[in-house]
Amino acid sequence: MTAVRPALTSIPPPDRPVPPAPRRILMKGNEAMAEAAIQAGCDAYFGYPITPQAELLEWMARRMPEEGRVFVQAESELGAINMALGAAATGARVLVSSSSPGISLMAEAMSYMAGGEVPVVLINVMRGGPGLGSIGPSQADYFQAVKGHGHGDYRTPVLAPSSISEAVEVVADAFELAERYRTPVIILVDGILGQAMEPVEAAFRTPARAPADWILTGADGRPPRVVKSVHLLPEALEAHNRHLQAKFAGIAAREVRWAGEQLEDAELVIVAYGTAARVARTAIARARADGLAAGLFRPITLWPFPSAALADLVARVRGFLAVELSAGQMVEDVRLAVDGRRPVAFEGRMGGMVPTPAEVVAALRRLDAIVGEGRR
Amino acid sequence: MTVEHALEPVLEPRVVFERPELLADRTTIYCPGCGHGVVHRLVAEVLGELDLGPRTIAVAPVGCAVFAYDFLLVDFVEAPHGRAPALATGIRRVRPDAFVLTYQGDGDLAAIGTAEIVHAAARGEAITAVFVNNGIYGMTGGQMAPTTLLGQRSTSSPGGREAGLHGLPIPMTEMLAVLPGVAFAARGSIADAAAIGRTKAYLRKAAGAQLARRGFSIVEILSNCPVGWGMTPLESIERLREVVTKTYPPGVIVDRMKADAAASPAGTSPGAAPAGPGAVPPTPADPASTPPVER
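As you go down the protein sequences, you meet chains A and B in turn. Letter 290 of the first sequence, counting from 1, is numbered 290 in this note's numbering, and no numbers are missing. Letter 289 of the second sequence, counting from 1, is numbered 289 in this note's numbering, and no numbers are missing.
No wet-lab data here; the hints were simulated from the structure. Hints should not be assumed to be uniformly reliable.
[To be verified] Residues from chain A shown here face chain B by an in silico Cβ test under 7 Å; the list is partial:
1. A44
2. E75
3. A219
4. R225
5. K228
6. L313
7. A315
[Unchecked claim] Non-contacting residues of chain B with respect to chain A, defined by C-beta distances greater than 10 Å in every case (computed):
8. P146
9. G208
10. L234
11. E242
12. V252
Cβ atoms here follow ideal geometry from the backbone N, Cα and C, with glycine treated the same way.
This is chain A alone, in the form it adopts within the complex (with noise of 0.2 Å):
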């Protein structure tokens, strides 16, 4: 007996419109930065396989040869990130992407990059940890991001979006920021945000290049180039060292980004980025149908941190809530911006596990008894 099975047809029911531009399309999250970094004029893209980020190597691998452009699957992340390094200095726009044992091999690299000022964009598609942990997605590689991968006094931009069209937006982002100020940016996304499939806006962006006049294209009629972080002498290299934290106070600047939910009128405040504050913006709509006004501060670059933004709300809230995936990170943050003023209470699950709306609920409840009348 054969199955009658309805027929799989793209044609659109006749009661519905042919979609109108700009087009929706559903994408999953990997791919969706990885054809945002192709649309964003991106050169060349080294990768080697790791849960959960693989499904962005293999788009690359598709579609990099479509383009007549670069996809070299490394033999270690060690390799992938040195190579996008050489690619780098000679003014690629050069896409790296791992998960978080992946992105410790990498550290070294980045170091690197930030003391010669090379280029690069690097996705980060967190899972659990530490060590091998799990494939869960998690947001426990904060410190690592935002605190410095690698050795040495150095801050890179770290771009987190929280659904898969902000995602396809820092991506063209992120590339802009690291050329304008010729160092590695960070975009830090959780498991979920890399696995799941969204409607995406295809609001693909190129960014216009700059010109650059220290990348390597052969010493023709030109004095040589040397790209490099090594300063031995100790004046010289404090002097480098300088160079590098008046643009990184440039960065701090001009470059924090972060939205507000219901702020107006939130006597409490969940900062979260990322799929927490998914979970977050649930939390806070039940918090509200049971008369907790709660808003949602969530940073999009969590360095440079919204420190100003976030210490502007403590003079009308009584109290934040951080809520990560992680055993509290991002939260010290929080905490040196409110700067003991108001408490700063925390709620995250590790190891893969996602807080639920009624864990960040009920930590919403414990935050309001601790700083009295809640109600309204």
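With chain A's structure known, arrange chain B on it following the hints.
Chain B in isolation, oriented as in the chain A frame:
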């Protein structure tokens, strides 16, 4: 006709030896008697003679030669320790017209960077590795390297290298030569003028392999480290010639360019056609048909 007139053409000033154009006119920072100066000069001569200076993007190692860019007047990027072949791969893929060179020591290439050099060679990347093997970690003060000879004392093998304790010296270039992606692999030395001349010829062949996009090429150059070896420069050269070459015999280890030419009566190399930015040889040689190792 006077005697002076007769001698005049002979006395006409003539340059017989000069600094290569691509070698910087500055005081060396290397230790007295160190071989890096000779190797730098050879690289500068070969790049200059092949007119590759304006196209070269070189990768500097970590180790004594980290400052190679202070002496070789070409574009340079500094690599983390051992990773030069990965950087070179990235450069090769996005800069098809560049001449891509890594300059690496034995700690860099044969210890911490083994994965990167093996896989760059395996992929047949059209890059050239200049591998300076002096059998010791010079910059950090004379510790044992993977290439240190049996019995050789170092600050981390004070009783001398023992096979049972430290393992045997690694013949890195022979290991790489078995990979079909390697177009040319040879070992030279700087022990004397004749050896230096042969080493220069190897460097030219290695450059030719890259220019033909035939694959990966490497020239290992046995060099001395008088300070690390605890010897005078003269004693170190003597040891290089009489002792080191017994463990690491100089010569061409594999020349697949020659094999290609022999296999093709017209003398054209079937693998010589440029294969795009990756320049992976389109027809990697069957390992079974690899010609026997030449000496």
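Quiz item: Are there hints from earlier that the structure breaks, and if so, what are their numbers?
Solution: Structure breaks hints 6 and 7.
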